[in-house]
Each structure stands twice: as structure tokens, then as C-alpha cells.
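Peer 1: These are the residues of each chain, in order.
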Amino acid sequence: MAEIVLDKVSKRYPDGAVAVRDVDVEIADGEFVILVGPSGCGKSTTLNMIAGLEDITSGELRIGGQRMNERAPKDRDIAMVFQSYALYPHMTVRENMAFPLRLAKVDKETVRRKVEEAARVLDLTQHLDRRPANLSGGQRQRVAMGRAIVRNPKAFLMDEPLSNLDAKLRVQMRTEVSRLQKKLGTTTVYVTHDQTEAMTLGDRVVVMRAGVVQQVGSPQFLYDHPANLFVAGFIGSPSMNFVPAGVEEGVLRGPLGDIPLTDRVRRLLTEAKAPREVIMGVRPEHFEDAALVEEHARAAGVVHRAQVDVLESMGSDKYAYFSLGGERARSAELEELAADVGIADLSSSGAGSLVTRLSAASGAREGEPVEVWFDPDKVQLFDPSSGRNLTYSGD
Amino acid sequence: MVLEVPDRRMSPEARRRAKWWFVNAVVVVYALLPVLWIVSLSFKTKETITDGRLLPREWTLENYRAIFGTSDFVRALVNSVGIALISTTIAVVLGTMAAYAIARLDFPGKRALVGVSLLIAMFPQVSLVSPLFEMERGLGLFDTWPGLILPYITFALPLAIYTLSAFFREIPWELEKAAKMDGATPAQAFLKVIAPLAAPGVFTTAILVFIFCWNDFLFALSLTSTERSRTVPAAMSFFSGSSQFEDPTGTTCAAAVVISVPIIVFVLFFQRRIVAGLTSGAVKG
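Quick mapping for you: the protein sequence lines, in order, are chains A and B.
Its first residue numbered 1, the first sequence is counted upward by one per residue in full-length UniProt numbering.
Its first residue numbered 1, the second sequence is counted upward by one per residue in full-length UniProt numbering.
Isolated chain A, as found in the complex (with noise of 0.2 Å):
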């Protein structure tokens, strides 16, 4: 077990591109850090770099406080499991996990009481003499695992190992993966394209795009203070909501309507120099049916009617979809975002739509107009043209 220093890392290839530049992060002892982003971020080159896999270009690597750039992987003492498993299928899931210790020069009777016992961890011992291609997807993933744990390496590297499971075993292996290393408390890299995976599984995320980190923190800390536009669309689910908005005389116009600034946003805007024009974003989730709020709360907040266009009812939630008038937000981070999720994401695509999360009890109905009601200081701004966040008063 050590920490992991990432010291300026960054990747070039001998083309010229870059895939992951001056990545600066130290991972703890014994903590779980996500690297999240969408594909192609480098994400996965950087977990390759303190793998070993690829060479680091410039800056270095450190874990447990020795420099590793030149080690070669079976020299640096950790573990990995990839998104395809890897298992070998010449072997049986014994073999597979006795694997690295045979290489070790572990003797034979220790190698059988710690695949054995790491059998018993993972649920897998009635298994221990089949290969792996009679196994299901599930049972690869935890055999992947197990081949990962039996030698107590000083770090984990996860490359989206839940990615090829459907998603009901990726629920119930999210957890298993969340309470193994919580019982190891090895530390462990996680890469992963899977917000809700970054979100849950992470004591720290780590958010990169295009080879840059844009922000590192806990889940929480992201999600209510997200540094730029990049990391506001990217954390959450439905994804934050983005629309042009003009600053005049403390107010917010655009199309939700003229909304007051509070105290701490005008102060904030004013450190900031902010621009006049700004995207605003509010989480879907800060909405609710004005008809269920309370008197005075309503009053300190904003209301804005709309004719509802869909609604999925979820059962615990209603999620209602507006569209607005004008223009949407636009922004280089916005139509990233956009990309890699597809069109299908309506909260950043199509002429300025609005989603938001209403209580299983509003009376909300497709087609009718509706009240929704959100709390002004909740609202972020952001830079159009940078994408900061204007609105951010972290650290």
C-alpha cells in the first residue's frame, strides 16, 4: 500500500498529439480516486502511465515515494484489471489467480491458501477448477478481480471494469468493488466514463478532459461547486441545465424570466468580472412544483410557467421537459458534451430545453401548463467564452 504521485505527467506521441498534459495529482494511502471523462479525455493513458503500459512523456510518477517512469510494470507492484477482464483462457480460474504469485516464486501451499482465500472473498470457490469461458460475465469480472487482490499489490488500477456488464450486475458490482476496497484499503485508480460510477464509488473524482484535468475533488464537492461548464454538464444526471442569461442592474434576464441576484452571487460576479452576457445553469433536481412549496419560500424564489412537453413519471420523481424560447446556451464545452453523449440528451441539444425534477406528488401533466419553482441561489454562472465558473467560491 503507498500513495501515488502524479508530478506534471503528461503523454506525447510521436506525432505530435497529446493525449494527457501536466496531469498533477496526489492520490493518498489507501484512498479510491475515479479519473472520469468523456472518451478520449486520457483518462485511460494516464491510468496506462502508472501502469507502466505506456512511457510518461515528461513529469514523473511516484508511488510510495519512489520515482517509477523507468520501472517496468511487473517491477512497480501493482495490480490491474481491465475493461475486457483479460483472464487467460488456457487456464483455469485457479491458475488465473495463482498467476501472479507462481511468477512471485510464492511457495505452493501459500499460493493455495491465498487464491483459496480470495476465492472465498469474491464468491468464487465452487468455480475455482473452470475456465473461463464457462463462465459468465459476472463471474470473469470477479475471477479479474481476484487475480488482482491475491498478492496484496500496493495499488489497484481499474480500467471501466464494469463496463461489459449489463446494467443490473454493474449496480450490484459497483457495490462489491465499493465494499472489497473498502475491506483491503488498498489504494485504487479507477477510470471510468460512468458519472454515476464517479460519483458513488470515488472518495475523490478526478474530472479530465482533452488531457487536461479540469477539476479534482470529492463527489459532493463537484457536484454542488463544479469549476467550469465542463464539469457542471458532466457530473449529475439529468445533466445540469444551460441557458443564456444577460447580467443588468442585479438581475438576471433570460428565459426563465428576470431572476433577482442574492447578495452573495452579486459579490461573487463582481470579484469575478464577470461579462455581461453568461450561461446559467440549474440542476434539474433544484426545481419543484411551485403548487408544493411553501408561502414564504415560494416568495424568496422564482417562479416560471411553462407548458409541460413530457413527462416520465419514475415513480419517486416526475421529470417534466419544457421547451424555452431563444437561443440555447452555447459554448466549445457545451457541444463536447454533447458529442459524447449524443443527441439523445435533451438538456444540451435542440433550441433551449429545460428538464427538471419534480416530486411524485406534483400534478403535473403533459401538454398543460405548470408552475415550476427554483431557488435563485442555486444558480450558477459561467463564462461563455472560458466556461469558468463565475459563480464558483470553493476551496
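Bear in mind the hints are in silico, worked out from the structure with no lab data behind them.
The structure presented is a predicted model; accordingly, all values stated were derived computationally and were not measured.
All the pointers check out, no bait thrown in.
Restricting the straight-line Cα-Cα distance to at most 30 Å, the calculated cross-link-like pairs of lysine-lysine (BS3-like) are:
{"id": "1", "chain 1": "B", "residue 1": "LYS177", "chain 2": "A", "residue 2": "LYS168"}
{"id": "2", "chain 1": "A", "residue 1": "LYS183", "chain 2": "B", "residue 2": "LYS177"}
{"id": "3", "chain 1": "B", "residue 1": "LYS192", "chain 2": "A", "residue 2": "LYS114"}
{"id": "4", "chain 1": "B", "residue 1": "LYS192", "chain 2": "B", "residue 2": "LYS110"}
For this one, chain A is given, so just place chain B on it according to the hints.
Peer 2: What follows is chain B alone, placed relative to chain A:
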């Protein structure tokens, strides 16, 4: 009394199957009839050899006794086995390494290398016989085992590289990365993970290369002059009858049967190792 009229119509499925059965039968008969004929001739006596019957009237082992009675044939058999085995081993070992590099690594001149090896495979061997003859005489390789092994390796390598690189490409690269992460050196990763998975490909290639070397007649005839290195296909052409008016048909057929046996044994022996789908289960399929 009602006459039962049998239903003469066949279901489309049965008709399709009958058609395939017929086609298969034609192919099998076409391929195996000459072989059976040779086997039959090899068991016939001198007197009945021209009777034109598939089943010999009189069975005899005389022809086999005759070929094994001469040192020429036994010596040629030893040459054949030795030369083919050595060539196969060297070609497969070199081919495995070359194919692995071609499938896995990106190095300058890779395309040129593949192109050149293809060129060698396409080169007409007949045109090389005279230059090789001259060169081998100059180098003292003429009529020796290495004199045949070298050209066999040259022509077997492209075949081996092609077959093997196709197999290596099928092996998921992540397995090798996983082995490295598990603490294997590159050599260990190759020997313990990649090589066992490539085994079916290696055996398939070995069979193809062995058959190529075993069956060669052109080089065996042109680059040898005595029983020192003459292989069976060449030696058979030197069989003679007991008099100049007699064809050595019986003994030739017996020799043909004898040299077919190792090939059949070789294929049957390695067939078990050629199990398709050995890599299934390595990665999510």
C-alpha cells in the same frame, strides 16, 4: 382394396441434404480413388498388376519387401524424415518470432518485410534450380542435408509467417498487458501466455510446412546426386524394374503408400491440438 401410394415428394430439407451428400460423395471418390488404386497396386503381384481390378486377386507383400530390402529406399526415408523435421522446426521457430513481431510491433520497414516474404512465396522455384545448383556446388552444400534444408526453410518461412501472424492477431493484446501487470517479464509473458494460445496456429503451420518439405520433388531431385541426401520422392524416380523391359509399378506404389503414412500420422497426431476457439473466454466475447 386401397393401394398405398408412397409419398414421393421429399421435404426441401431432405432434398438439400441429399444434394450435399451427392456432392460430397463425388468429391471424396474423386480424391480418394487414385489413392485406393495406388494402395491396390502396391499389394498386387507382378502377374496381376495389369488386370485392371480395384481389389487384388492375389494379395502380396512382395513389393514392400522389395523396397525395404534395398538400402536405397531406407536411406532415402531417413533423409526425408530428417530433412523435413529439421526444416519444419527451424522454419516454425523463426516464423513464430517473425510473425509475433509483425502482429504486435510497429517497426520501420514492416510493410517491406511482409512484402518481400510474399515475393519469395510467389517466386517460381524452377527458375532458381540452376543458380542454386551452381551456388551449392561452389559452397560444397550440393548433395548434403543442409543443401536441401536451406532452400526448404526459405520457401517455408513466408508460409509460416503468414499463417502464424494471422493467429497472433487473433490473440487479444490485453492478455499480454495483463501478464506484464501480473509480474511477467516479456519472455515469460510470451512463453506462458501467448505461446500456449498460439499453439493451434503453430501446429497448423508445422503441418503445412512439413508437408511442403516432405512432398518436394524439384529441389530433392536437382540438388542431390547420391543416397547421401536423396529424399524419397527423388529416390522413387530412380526405382528400376528387374529388367529394362519391366516397369517398377508395384514397388513405386508401395513406396508411395509408405511415404503417405507419416503425413497421415502427423496430421492425426496434431489434429487434437488444433482446437478452434481456444481463446474464447479470454475477453468478453
